[in-house]
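Colleague: Sequence:
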Amino acid sequence: MSLSLSKKLLTTPPPILWQKIRRRLKRQVRQTWARLETRLGRAGVSDREFFRAITRPDFLADGRARRQARFFIDPADRTGVISTLRTVCPAIEPATIAAADRVCDHIFDLLGSGPVYLGHPIDWHTDFKTGHRWEPTAFYLDLAPAPYPGGYDIKVPWELSRCQHFAWLGQAYWFTSDEKYAREFAAQVADWIAHNPPRQGVNWVCTMDVAIRAVNWLWGYAFFQDSPSLSDDFRLDFLKSLLIHGRHIVANLEYSETLTSNHYLSNIVGLVYLGILLPEFKEAEKWRSFGLQELEKEMLKQVYPDGVDFEASTAYHRLVTEMFLSATLLARLNGHTFSPAYMARLERMLEFILHLTKPDGTVPLFGDNDNGRLHRLKVWDDPPREWRDFRYLLAVAAPLFNRPDFARAAGDQWAEAVWFWGTTVHDWRVQADAAPPELPHSAVFPQAGIYILRHNDFYLAVDAGPNGQNDNGGHAHNDVLSFELSAFGRDWIVDPGTYVYTADYAARNRFRATAAHNTVMVDGQEQNRFDERLLFRMQADARPRVQAWQSTPAYDLLVAEHYGYTRLPEPVTHRRAFYLDKTESFCWIRDELAGTGQHRVEWFFHFHQGVQYQLDTQGVLLKQEQHCMWLISLECIDAKKLPPIVNIDKQSNSYGQVCPGIMLHYYDTMNNSLTRNWLLYHKPDDTHLLLPDCLKRWTQRVAPLFRQFFS
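For the sequence shown, the residue numbers in our numbering are 18 to 728.
It is worth saying that the hints were derived from the structure and are not from the lab. Computed from a prediction, not measured in an experiment: that's the story for all the values here. One should not assume that every hint holds.
To be verified - Listed next, the in silico DSSO-like pairs over lysine-lysine satisfying Cα-Cα at most 30 Å (straight line):
(1) K713 with K599
(2) K640 with K257
(3) K640 with K599
(4) K318 with K667
(5) K318 with K257
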């Protein structure tokens with residue numbers, strides 16, 4: 018037994034420990050029985066068993082019976098919906114049809130693969146990026162991701178089998194009325210069922226993916242429900258498989274008494290979809306009521322009071338918001354009322370996205386990003402942007418909460434909202450476009466530790482929060498007191514992203530390490546320790562604490578510190594201040610390292626891939642087209658002290674993809690204490706700053722504030 022496991026057992030309250038033991042024993046008994054049933058060929062559902070499991074044996078005879086429950090899209094509304102899409106998103110039709118045609122040709126681009134032809138029939142069990150194949154007949158619990166050090170990615174077959182491309186087939190069908198899309202939908206569903214028997218193969222391993230697949234099958238079917246290409250035999254097999262999906266989710270809930278996350282949330286969202294949309298199933302009411310009850314609980318468990326998901330990742334906040342929002346809209350459409358506390362926190366989740374969004378419409382990528390979505394209801398003309406632009410959620414939420422500010426901030430991202438709200442989106446879009454532009458203000462999300470300092474188009478996002486998941490840190494990075502900087506509609510200093518998970522353990526650890534973020538490292542140590550083999554755990558060493566936050570019409574000031582280096586034999590505390598001047602649009606960053614002994618201190622600045630740089634006696638001149646920005650270390654002016662090392666960086670804006678960038682790496686030696694001041698300042702051209710004049714004026718503003726918090 019590992020030391021960490023022993024410590025965890027000793028610190029778990031006895032009642033919770035007993036619940037965990039009892040749940041684990043029940044699970045083992047259930048899994049042993051499931052293994053035996055599978056071996057005997059009894060894991061599926063026969064026609065006879067299926068008809069015993071439904072309340073209306075005759076419902077298959079009438080395709081319209083599928084409409085007992087209300088859904089977002091209805092063939093009766095098709096003409097109006099398509100007209101609205103063509104008005105508010107004119108470019109979406111050709112892009113959707115092209116994407117659907119690629120799906121018909123079995124060409125897929127997933128998780129950084131680039132367009133890949135998967136052949137006829139599709140092999141659902143292969144990581145088509147590496148060629149690794151999981152045994153299709155193996156019992157699902159016997160299959161696992163790549164062990165250390167990696168080599169292949171289990172997420173690839175999982176992502177393919179989420180079947181999020183079914184929505185694109187359905188949308189193309191609505192645009193064109195071409196039955197080839199319905200035939201392809203039916204063929205792929207039938208092929209998937211034939212080659213993925215229940216409890217066998219890689220696509221039953223992760224309950225999250227089973228649930229997401231069920232949601233996307235239901236979305237796909239909604240587009241094609243009146244198609245003559247869907248036979249009664251197909252409908253029977255389709256519904257039998259969805260019954261199996263629901264039962265599999267219930268039997269394999271990703272639940273723990275001590276920690277639930279986006280995985281468990283996806284499980285209950287899948288049950289909400291199945292329970293509401295398949296009322297003919299005798300088990301549907303249990304699925305629906307359980308799922309809705311758990312949604313209320315998980316909202317309070319997984320989302321901080323400030324509205325931010327607790328997993329220390331902006332991308333996972335998007336995924337979790339999307340799941341809550343989609344399930345909420347479906348339940349409300351079918352008459353369910355959520356508690357005021359639930360709805361208020363969901364609204365705050367959208368408010369976080371509103372303030373997090375940069376002037377160019379994207380967001381900073383703090384923490385992990387694995388391109389996770391519940392459903393993909395739009396084909397993006399700029400595919401990498403899909404993973405960094407969350408504004409479509411503001412468009413979807415605007416009618417729900419009657420928030421014109423959400424609508425204005427959504428920009429041109431209205432395509433997905435049309436599939437939820439139909440023709441009403443047209444009026445929302447027109448009103449949003451007619452309203453005067455409104456720039457978001459600086460904002461703070463104290464429980465998550467995310468601070469947004471902004472003035473006009475000068476934007477600074479700082480991560481001063483915990484490592485998430487109740488200190489498990491599964492999707493956190495060592496980005497404490499790191500930041501992203503944008504100005505003039507462009508990114509300048511960025512978070513390099515995530516890249517991969519189990520496909521490459523070394524790369525996974527490199528992208529979540531301290532050196533991969535715009536922060537400070539002491540003695541080559543991580544802010545929070547992690548085991549190179551445990552890719553979804555990180556110790557909570559840093560425990561950051563915010564000492565001051567001030568936001569005025571003239572400036573924003575954030576002062577915070579962390580204690581990740583106090584574990585060293587000679588402890589060090591890192592305190593960092595961010596000052597954004599709103600009169601002259603400059604940013605002053607001050608680092609103070611206080612402790613004992615001698616230490617090597619390193620600073621890292623990761624520049625966006627579009628930035629060009631030029632080393633100068635005054636600092637580093639950064640250029641993007643006609644825009645320029647200076648990065649200056651005030652301690653090395655004239656004396657040429659603290660020269661930077663320029664390294665080729667690796668950045669990842671999308672899971673599985675990597676591109677080159679530039680990292681500036683500074684280092685110095687600390688004896689008991691060390692202070693460094695950094696200046697980021699915009700100039701319209703590449704002329705020198707006249708630094709002495711600027712510094713005198715700026716110091717008069719900044720020094721009195723800093724004296725309150727620095728020795």
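Colleague: Checking one constraint from the list: CA of K318 to CA of K257, max 30 Å. Satisfied?
Modeller: Between K318 and K257 the Cα gap is close to 34 Å, so the pair fails against 30 Å, i.e. violated.
Colleague: Starting from K713, check that the Cα of K599 is at most 30 Å away, please.
Modeller: Satisfied, since the Cα-Cα distance of roughly 17 Å is no more than 30 Å.
Colleague: Below or equal to 30 Å on CA atoms is what counts here, so check K318 against K667.
Modeller: Not satisfied, since the Cα-Cα distance of roughly 35 Å exceeds 30 Å.
Colleague: For the pair supplied as a hint, K640 and K599, is the alpha-carbon distance within the 30 Å limit?
Modeller: The given pair, whose Cα atoms are some 22 Å apart, holds under the 30 Å limit.
Colleague: Could you grab the alpha-carbon distance between K640 and K257 and see if it respects the 30 Å cut-off?
Modeller: violated (59 Å)
The structure fails hints 2, 4 and 5 (numbered hints given earlier, in ascending order).
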